[in-house]
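Line order of the protein sequences matches chains A and B.
Residues in the first sequence are numbered from 1 upward in steps of one, following UniProt numbering.
Residues in the second sequence are numbered from 1 upward in steps of one, following UniProt numbering.
In case anyone wonders, no lab produced these hints; they're calculated from the structure.
Keep in mind it's a predicted model, so treat the numbers as computed, not measured.
Think of the CB as a built atom: it goes at the ideal place given N, C-alpha and C, for glycine as much as any other residue.
Which bits of chain B does chain A cover? Going by a derived footprint, with three or more residues having C-beta under 8 Å, they are:
no. : segment
1   : 37-44
2   : 47-55
3   : 91-99
4   : 165-171
Protein chains: 2
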Amino acid sequence: MRVLGIDPGLTRCGVGVVEGVPGRPGKLIGYYVVHSEPDEDIALRLLHLDKSLGELVAEHQPDSVAVERVFSQHNVRTVMGTAQASAVAILAGSRAGLPVQTYTPSEVKAAVTGSGTAGKAQVTSMVTRLLGLDAPPRPADAADALALAICHIWRGGTRARIQAAAVAAASARRGGPRR
Amino acid sequence: MRVLGIDPGLTRCGVGVVEGVPGRPGKLIGYYVVHSEPDEDIALRLLHLDKSLGELVAEHQPDSVAVERVFSQHNVRTVMGTAQASAVAILAGSRAGLPVQTYTPSEVKAAVTGSGTAGKAQVTSMVTRLLGLDAPPRPADAADALALAICHIWRGGTRARIQAAAVAAASARRGGPRR
Numbered sequence: 001m002r003v004l005g006i007d008p009g010l011t012r013c014g015v016g017v018v019e020g021v022p023g024r025p026g027k028l029i030g031y032y033v034v035h036s037e038p039d040e041d042i043a044l045r046l047l048h049l050d051k052s053l054g055e056l057v058a059e060h061q062p063d064s065v066a067v068e069r070v071f072s073q074h075n076v077r078t079v080m081g082t083a084q085a086s087a088v089a090i091l092a093g094s095r096a097g098l099p100v101q102t103y104t105p106s107e108v109k110a111a112v113t114g115s116g117t118a119g120k121a122q123v124t125s126m127v128t129r130l131l132g133l134d135a136p137p138r139p140a141d142a143a144d145a146l147a148l149a150i151c152h153i154w155r156g157g158t159r160a161r162i163q164a165a166a167v168a169a170a171s172a173r174r175g176g177p178r179r
Numbered sequence: 001m002r003v004l005g006i007d008p009g010l011t012r013c014g015v016g017v018v019e020g021v022p023g024r025p026g027k028l029i030g031y032y033v034v035h036s037e038p039d040e041d042i043a044l045r046l047l048h049l050d051k052s053l054g055e056l057v058a059e060h061q062p063d064s065v066a067v068e069r070v071f072s073q074h075n076v077r078t079v080m081g082t083a084q085a086s087a088v089a090i091l092a093g094s095r096a097g098l099p100v101q102t103y104t105p106s107e108v109k110a111a112v113t114g115s116g117t118a119g120k121a122q123v124t125s126m127v128t129r130l131l132g133l134d135a136p137p138r139p140a141d142a143a144d145a146l147a148l149a150i151c152h153i154w155r156g157g158t159r160a161r162i163q164a165a166a167v168a169a170a171s172a173r174r175g176g177p178r179r
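This is chain A alone, in the form it adopts within the complex (with noise of 0.2 Å):
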């Protein structure tokens, strides 16, 4: 199963590809930060993240796509960039037909560490040693989207393959505007 984990940024979006089973050590494929700048016009820089990740799901034909769900406790200011992000990331899966799962960092921390309460650091040490990588994956937006992967990896199955069907049938209709 390859999973392309993304977490979702309008300034860094970062992106994890990795290929694994449920309870085994996973197998990093690649990873990538798409940038923008903050100042540069929203429409543009909508549209650079959207070919970004529409080109890195064709190169890397994932089973699956699993996204970082977006929470306000944050700056709010950054929080409806991360959400407009978060919007483009899972339409580049679901535009591809593909499984879109989101998990809240709290999942993607307890399914990596075993704690839904770990630091960024714990969350770098615990990707770089479950995809037996040499050096930590940086930056850290990375990191965090390869922890989604794995995260979905173990935690995926029944509830992906049911979505998939739903998402599939969805792309095959015409659907028109309901007007």
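Start from chain A and add chain B according to the hints.
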């Protein structure tokens, strides 16, 4: 000049298409509301909105797209969905190579009523009058989307043309992810 206005929302997304020139009453081309159910999977909701807006852009071939800018003073849970919907709305324009402009609610209200603090009923009433309609457009999401399109026509011009050039250049560029 034909403008497609979008009042973003996940549950109800208003779309209004108006043709006109600055300072003259515009002509209504059509209006729509794209629905999705709050209990549906987020990936399916975003996909439905994406497909619907893409189809409306293809059908109406607007010269530009105007999207309401999302603010965070509202209910926090709603705002996340609205921010996600706004990203889909902006992409519907920029993916089609169209210039996209965002306007705050008060800019839209000021453009159609003369007051940035006008109520919904006043906006609907002015939209009905400015477009020469026999009855007010319903629901209110559609009236807001039409107000956005009118606002853009009246204020459009230089800014939109500059951005059109930038979007066209970005769409033409190969634009691989910056790794």
